[in-house]
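Each chain, letter by letter, is given below.
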Amino acid sequence: MVSRDTLTAADLARRDRPPQLQGKPRYGEKIIKAVLAVCAALSVATTVAIVVSLVGPALQFFQTVAPLDFLFGTRWSPSFVPESFGVLPLIAGTLSVVLWGLLAAIPLGLGAAIYLSEYAPDWVRKIVKPILEVLEGVPTVAFGFFAFSFITPLLQDHWPEFLGQGPNVFNAGAAGLAIGLLIVPIIASISHDAMSAVPQGLRNGAYALGASRARVSVRVVFPAALSGIVAAIVLGVSRAIGETMVVLMAAGNSPNLDITFTESIQAMTAYIGVTATGDIATGTIEYDTIFAVGLLLFVMTLAMNAISIRLVRKYRQVYE
Amino acid sequence: MSTKTYNPRTRLATSGARAATEAHLGRRPTGERVSGNLFYAFLLLMISLSMAGLAALIIDAFVEGFPRLGLELFTEPTAPFPEDSGFLNAIVGSLFVIGGVIALVVPLGVGAAIYLEEYADRERWWNRLIELNIQNLAAVPSIVYGILGLAFIVRGPLSLGFVVAAGSITLALLVLPTVILAAREAIRAVPPSIRQASLAVGATQWETIRHQVLPASIPGIATGVILAVGRAIGETAPLLLVGAATFVTFVPEGFFDRYTVLPVQIFNYFARAQQEYIILAAAGIIVMLVMLLAMNSFAIWLRNRYEQRW
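In order, the protein sequences belong to chains E and A.
Heads up, the first sequence is in the numbering used here, so the first residue is 4 and it goes up one at a time.
Heads up, the second sequence is in the numbering used here, so the first residue is 2 and it goes up one at a time.
Quick caveat, the hints were computed from the structure, so don't treat them as lab data.
The C-beta atom is built at its ideal place from N, Cα and C for all residues, glycine as well.
There may be inaccurate statements among the hints.
[Said to hold, decoys possible] To give a feel for the contact side, a few chain E residues facing chain A, derived at Cβ under 8 Å:
id : residue
1  : PRO28
2  : THR49
3  : VAL58
4  : LYS129
5  : GLY140
6  : HIS161
7  : PHE165
8  : ALA217
9  : SER257
10 : ILE288
[As the list claims (entries may be wrong)] Far from chain A, by Cβ distances over 10 Å, these chain E residues were calculated:
id : residue
11 : PHE65
12 : ILE94
13 : VAL131
14 : PHE151
15 : ASN207
16 : GLU246
[As the list claims (entries may be wrong)] Computed list of chain A residues with no C-beta within reach of chain E, every gap over 12 Å:
id : residue
17 : ILE59
18 : LEU72
19 : PHE82
20 : LEU89
21 : VAL141
22 : TYR146
23 : GLY255
24 : ASP258
25 : GLY285
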């Protein structure tokens, strides 16, 4: 069979034909192609619009607040006098949640992936994979509710005394754990794909040398799939950073500079959500803060995505 | 290439080698056996915890929302008191918004996918830019799309105000990358021989796409669209910024009415922090989960029903 790389429909259409076969020029075809190209170009326009809509008001914001005061200030209180626009407490809030989320999601997600790829019989895989896909589609507002009404009470009731004060009604820990559960399917399904792509020959070689299944999983399959696994985790992190509803519903709205489990925090996304839904007038500095924080969020997730694309490209093992 | 099916010869060789080694060495060292079993137990624990988490989420919503489960959730709009309130206005709002999303995303997403798969020359820098751009857009947090909607659609160039259409356009932009990626996958699954046969009998490129490629890839595209739209139904954060968060008690009647949607309504009830409203929010979550489950099952059924082997 002719592979798609060597001969596409476009190539065939473009190929020079002898004059008697060229026929009349087909303007309709050209118009259709142009219309379709506009559809594709719309995605670039979206990106440009995102950047423009963020950068404009953010620049206005930075005329009042020095960028360094914004990035390294340790107090965030945009609506109380004296106003202060240090974004570090919001970043710390986001980091707290992401940290607890990853502590839950990495073992859960990778454990599930290794089990599915190396241990599970076919019938189990056929049941579990769709369930994970369904979990991926559950709206985040449900996870926020779950964190507030299930995880927080559970933590409060079973908090060991030696850890000190138990969690608040709103706390970073419950939100983090719920976000962890939210990104388990992402980490599990992408790393499962990476592990499934490891050639069987590598496993067989290790088995032939007498390695046990656990050893093959950990020492052969895991390293061979590492680039995919890391990309999965980076993607999970970027998803966790951008998650809004869970932090808004379960983590509270008090900016907190500490990396904390039990206390209430305010994450960057939650600040945007809560401020934008409140009554604020356009043109005020408070309104512009939404865009400054949004720009920071956009840059952070863009960087994560670039890292993940890079990692996959750089460390992708090409077998056969 | 499927890695799970290794050929009989390899299988025979590995099992033979394994048996010979095991017979020669006797049982595995105890340490190895114990750690192997522990590892297996750990994996089982992890996968069961993940499943238990999902189960707990659904059961918790059911338990909390049970007192309010009933048909009036679908027939009553928001009322001054929680006992009389339902989700009618939010459900209709969601349907309007989603209808708008589908109307926008299907032509745009499929058009972009056809261009990228059938026309675009990968060597050109602008086509590579479009591909990279779509990849990056898929990773942008949803609330950033909300900011875009607020600055460009509600205010700014389009200035639509806080209306249904603003919500539809914002969500359409959000799910467009997903739809494009899914539609490309579906189009790519149509084998090139079909195209070559069509071109060989004299069809133009567009005739080939229109009469061969598109009909063959419609089930795949439909599946992708349904899954993407399912994501849009559950999206809350971006809509908070483009008007759905306002307190609305009436049922929207057109695309230029003010509106709220199901997940935002759930959040609003939740945020009132009274017990009655929290129960109502839990009941709303169940309504939403049922809607999504129905849609996703339909998508999976569609995929299986029309799955075509070439």
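Going through the hints against the structure:
no., hint, in the structure
1, PRO28, "violated, 11 Å"
2, THR49, "holds, 5 Å"
3, VAL58, "violated, 10 Å"
4, LYS129, "violated, 12 Å"
5, GLY140, "holds, 6 Å"
6, HIS161, "violated, 14 Å"
7, PHE165, "violated, 24 Å"
8, ALA217, "holds, 4 Å"
9, SER257, "violated, 16 Å"
10, ILE288, "violated, 16 Å"
11, PHE65, "holds, 16 Å"
12, ILE94, "holds, 15 Å"
13, VAL131, "violated, 7 Å"
14, PHE151, "violated, 8 Å"
15, ASN207, "violated, 5 Å"
16, GLU246, "violated, 8 Å"
17, ILE59, "violated, 8 Å"
18, LEU72, "holds, 21 Å"
19, PHE82, "holds, 21 Å"
20, LEU89, "holds, 18 Å"
21, VAL141, "violated, 6 Å"
22, TYR146, "violated, 8 Å"
23, GLY255, "holds, 24 Å"
24, ASP258, "holds, 19 Å"
25, GLY285, "violated, 9 Å"
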